[in-house]
Amino acid sequence: MSCNMVFALAAEKLAGNIEVPERAEYLRVIMLELNRIASHLIWFGTTSLDLGAITPFLYGFREREDILDLFEMTCGQRLTFNYIRVGGVAGDIPREFIPKCREFLGKFDAKVDDYERVLTENPIFVARNKDVGILTPEMAVAYGVSGPSLRASGVRFDLRKDDPYSIYDRFDFNIPAFHNGDCYDRYMVRIQEMRESAKIVRQAIDRIPDGEVRAKVSINFKPPAGEVYSRIENSRGEMGAYIQSIGEKKPLRVKLRGGSYNQLQVMPELVKGHKIADVVAIMASLDIIMPEVDR
Amino acid sequence: MIAGVFSQIGQSFQQLIGDVSSNPLFYLISFVLILSALMVVTLKNIFHSALFLILTLFSVAGIYILLHAEFLAAVQVLIYVGAVAILIIFAIMLTSQLTSKRIVQTNEQVTVALLICFGFLGTAFLSIPYTVWRIADVALPAENIFTLGKLLMTDYVLPFEVVSIVLLAALIGAVVLARREGS
Amino acid sequence: MEITGIFKYLYELLQSTGLPQVLVDIIALASAAVMIFGVLAVIALFLVWWERKVSAHIQQRFGPMRTGWHGWRQTIADAVKLLQKEDITPSTVDRPVFFWAPVIAFVAAFMVYVTIPFGDGLIVSDLNIGILFIIAITTFTIISLLMAGWGSNNKYALLGGMRSAAQVVSYEVPMVVSVLAVIVFAGSLSMVDIVQSQAKIYKWYFFRLPFGPIAFFTYIIAATAETNRTPFDLPEAEQELVAGFNVEYSGMKFAMFFLAEFVNMFTVSAIGATLFFGGWQGPLLPSWVWFLVKTFALVFVLMWFRWTYPRLRVDQLMEFSWKFLLPVSFANLILAGWMKYSGWFNW
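Residue numbers (this note's numbering), protein chains in the order written: chain A, 1 to 295; chain B, 1 to 183; chain C, 1 to 347.
It is worth saying that the hints were derived from the structure and are not from the lab. Computed from a prediction, not measured in an experiment: that's the story for all the values here. Where a beta carbon is used, it is the ideal one built from N, C-alpha and C, also for glycine. Honestly, I wouldn't trust all of these hints.
As the list claims (entries may be wrong) - Part of the chain B face toward chain C, derived, beta carbon under 7 Å:
hint, residue
1, Leu66
2, Leu67
3, Glu70
4, Ile79
5, Gly82
Using the sequences provided together with the hints, build the complete structure.
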């Protein structure tokens, strides 16, 4: 979803004259935030699995299932979502989406409490994560680490607040940040972000207006020549899209940037002096998705 | 003369272990014991030697059981198999180059060692028959662990405690040695 | 229904055939061994199924559902499948060691049951060293782990084997010491005597405050580590070691390790039930039912641990044993000794 979004944003920026309808903007935010929750849920599951706890993995996937149902309802896909288009979204949401989504949000906070009960206060989990793989703010900035891993080191930088795109400036939410930069803080940031994302979705479905969901963009849409870079905050940090156009139907060059590449680069610094088992914990806590490293 | 010595040995042996010598299990266990003990010193693969050492120690425990010393047997397994042998295996696993084919088991002192060993064996053979063994005529107490425990805590409390102090000293010594290397 | 009556009858029947007494005893003991083996095999199969069900329900799943009622035939099918599989011996393994490791694990797991009382009179042999015998035999599990690790000629197997050996050795100490606290109070090593000294529910060692619960908790923690289960399942930490000591094993040999593992889990629970919860003692129901109920309750606790906790790190594991569990269990032993000596709570 976030790749859809960032590419659409870049193309819109390049075209300059595309007016995205209000309803589409709200739908984009809802989808992006649900996607962030889903991504953090996978991260939560795999992290706990990497630390040897199997049950939280299934808990995380249980809630992710609900989100995937919502996505499936919307765009027909459960994994390779393709919903956000240049000029809006592919189509309107079905009627049962909003009640389903409300139902999910209603129980979600209690589920996050569950996760916290299973892991956050567990002495073994704390022992495995506290003071392990400390990422100092200087190091994080120097390596270009972004997203939750950066905020866990005490740099409160989030594109949703610091370089607002879409309609994020209309919502009331916090950017959780911690200061130790260890695995435990990275864990806490993501857990709190899930709650904040749920808050955003809740506000968005309360306020969503009626109307069009897609501006008219011709199939033979030819943006002006030039280059453009747009960026959004996705679950693993800064997601960027660079488009170089020569005024043709197809761009000359497109580059997508994901957060994992930079997060992988700090690994050698973080694992110094730790045990092999800690490498697993550190890697998990940075939320590195290997395919994203080589985009 | 040799036959005389052997029958003498047989008799003292009878006296020592009483009814055990008529038990076929005793001969089976002894056979396993001696065979595995030989394997310990002759095998080239030192890991296999360690495993045969475990079998040897376990067979000794079997003999203890035949002698109605169950407690001793359990302790034998617990300490020798459970702790000492495992320590040895650990040492083997942490040492490199112990299984290579070029390992030589003997050096130039082998003849001297053999002579000394046979000397000891001969001494043992000669001394067993001519020793007057003090064997108590009283029957084994039914609750021999109970008695053993009582005795360890009353009559033999001093040696018992001295042994623990020796072990403690060894422990502290090991810690000291390990620390010096570290710092 | 009391089972012992049937056994007595069968024994007398055997005697009446006129065979010499030695032979009668040998036949009786051999059939007892075979019976225990059969019972334990069934229990182990049941535990595999139960573990799957417990884990599934903790994780809000159903687990096996399609084969029979709630999938009860699943493990039987799995076991049969496992036994039919090709028995692969990799070409670089140390053959004799590789072969004997699962055998020793298997035999050690079953030999323990000589002195575990399944019920009133349902014990193969009430040795006067009972509990000590069990502890001694369980050390062979370590040997088998080391043999499997070394014999496989695989770095992951070797590391897994060494880890589990180091772990079992370190946790054996607090486990034995916490068991000793009970022995001090019971004044006997015989399992039957220990059970009989807990005739009433308030006499269960678990309820002997304050030493009982402490001894039990140190025991159950050490026992979890002994059976290599989460949070102490380092030997098979798949993120670091693929599968641990049994990585090269397949088919029948793997089945033996697997079965031994579940039998060991049942063993530590049975010892726990015997030492702390009055063994077979209980009203109304036959004694063996009580024994099984208590043991399965403890097995459930072990499974509960496994499906809730993350895994410790190697150094944390060792620290926990030597710096926390051991001092606590020693202090508890001294406390128990003092309580016994001073005559307090000596109901």
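Consistency of the hints with the structure:
1. Leu66: For B:Leu66, the interface hint is violated, since the closest Cβ of chain C sits about 14 Å away, which is over 7 Å.
2. Leu67: Interface hint status for B:Leu67: violated (14 Å vs cutoff 7 Å).
3. Glu70: Holds. Min distance 5 Å.
4. Ile79: violated, 9 Å
5. Gly82: At about 3 Å, which falls below the 7 Å cut-off, the nearest Cβ of chain C leaves the hint on B:Gly82 intact, so it holds.
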